[in-house]
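Going left to right, the sequence shown walks through residues 1 to 190 as my numbering numbers them.
A portion of the hints provided could be inaccurate.
[What the hints assert, rightly or not] Pairs of lysine to any residue residues, derived as SDA-like cross-links and limited to a Cα-Cα distance of at most 20 Å, are as follows:
1. 157 / 92
2. 171 / 181
3. 117 / 98
4. 173 / 137
5. 166 / 147
6. 173 / 124
7. 171 / 187
8. 147 / 189
9. 157 / 122
10. 171 / 132
11. 166 / 114
12. 117 / 165
13. 117 / 186
14. 166 / 144
15. 157 / 187
I should point out that these hints are in silico values taken from the structure, not numbers from a laboratory. Here the structure is a predicted model, which is why all the values come from computation and not from measurement.
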Amino acid sequence: MPNQDYISRKPTKKKSPKGSAKAKKNSAPAKATLPLKSKVIILVTLLCIGAFGYGLWALKTAPSTKVPVTEKPQTAPENEAKTLPEPPKEKWSYVKGLEQKEVEVGQYEVKEKGPYKMQCGSFRTQKQAEVLKANIAFAGLESTIQKVDGTNGTWYKVFLGPYQRKRLAEKDKHNLRRNNINHCQIWLWR
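Between the sequences and the hints, there should be enough to build the whole structure, so can you do that?
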């Protein structure tokens, strides 16, 4: 037998016989009535709306709220010449100082440090260097592999360049970053 919830369940009403007076009372439709509080709120709201409407109507028809019509302003005679007033005197002296000021032009020398190269990797095996060179080629740039014999063995360096200006090397570096080739360094060409 399933468990039943006896607490939250509504009590059942006993059925009365069909012919009794109680059965006739229960079968009659119940009239829905509003509570007194709701009736008072509705009445007050209607009175407020009516008072507001009457106030607007009273403002519309009251003579004190009418704007009087004024006459056209008199125009100046046409024979008088229209002249501008004199400009005010300057309070500040910087305006005259700017007219007399001279700008000094300096001589600047831009020193070109020389050509640049961008190194993107240094590997122990030539095969790893070739893989990086191919990835750079897919990015649309041309690279070179240089074999270097050092004190700690042979290294294969992958670099791009020469670049006349560092800005050009930076542009290619950003292009490589967009293609997931990171760790490139820009050096002076030696």
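Hints, one by one, checked against the model:
This hinted pair does not check out: residue 157 and residue 92 have alpha carbons roughly 67 Å apart, beyond 20 Å. A distance of roughly 13 Å separates the Cα atoms of residue 171 and residue 181; the hinted pair therefore holds under the 20 Å criterion. Restraint check: the Cα-Cα separation between residue 117 and residue 98 comes to about 48 Å, which exceeds 20 Å; the hinted pair is violated. For the proposed pair residue 173 and residue 137, the alpha carbon gap of about 13 Å is at most 20 Å, so the pair holds.
The straight-line distance between the Cα atoms of residue 166 and residue 147 is roughly 24 Å, outside the 20 Å bound, and the hint therefore fails. Taken as a hint, the residue 173 and residue 124 pair is broken in the structure, with Cα atoms around 23 Å apart against an allowance of 20 Å. Restraint check for residue 171 and residue 187: the C-alpha separation of about 14 Å stays at or below 20 Å, so the hint holds. Proximity of residue 147 to residue 189 is assessed by CA-CA distance (about 16 Å); at most 20 Å being required, the pair is judged to hold.
Proximity of residue 157 to residue 122 is assessed by CA-CA distance (about 4 Å); at most 20 Å being required, the pair is judged to hold. Restraint check for residue 171 and residue 132: the C-alpha separation of about 19 Å stays at or below 20 Å, so the hint holds. For the hint pairing residue 166 with residue 114, the CA-to-CA distance comes to about 9 Å; that is within 20 Å, so the pair holds. Only pairs whose Cα atoms come within 20 Å are accepted, and residue 117 paired with residue 165 is accepted, the gap being roughly 10 Å.
Using a Cα cut-off of 20 Å, the hinted pair residue 117 and residue 186 holds, with the two alpha carbons roughly 6 Å apart. A threshold of 20 Å between alpha carbons decides the hint, and for residue 166 with residue 144 the separation of about 18 Å falls inside it, so the pair holds. With a CA separation close to 13 Å, the supplied pair residue 157 and residue 187 stays within the 20 Å bound.
Comparing the model with each numbered hint stated earlier shows that hints 1, 3, 5 and 6 do not hold.
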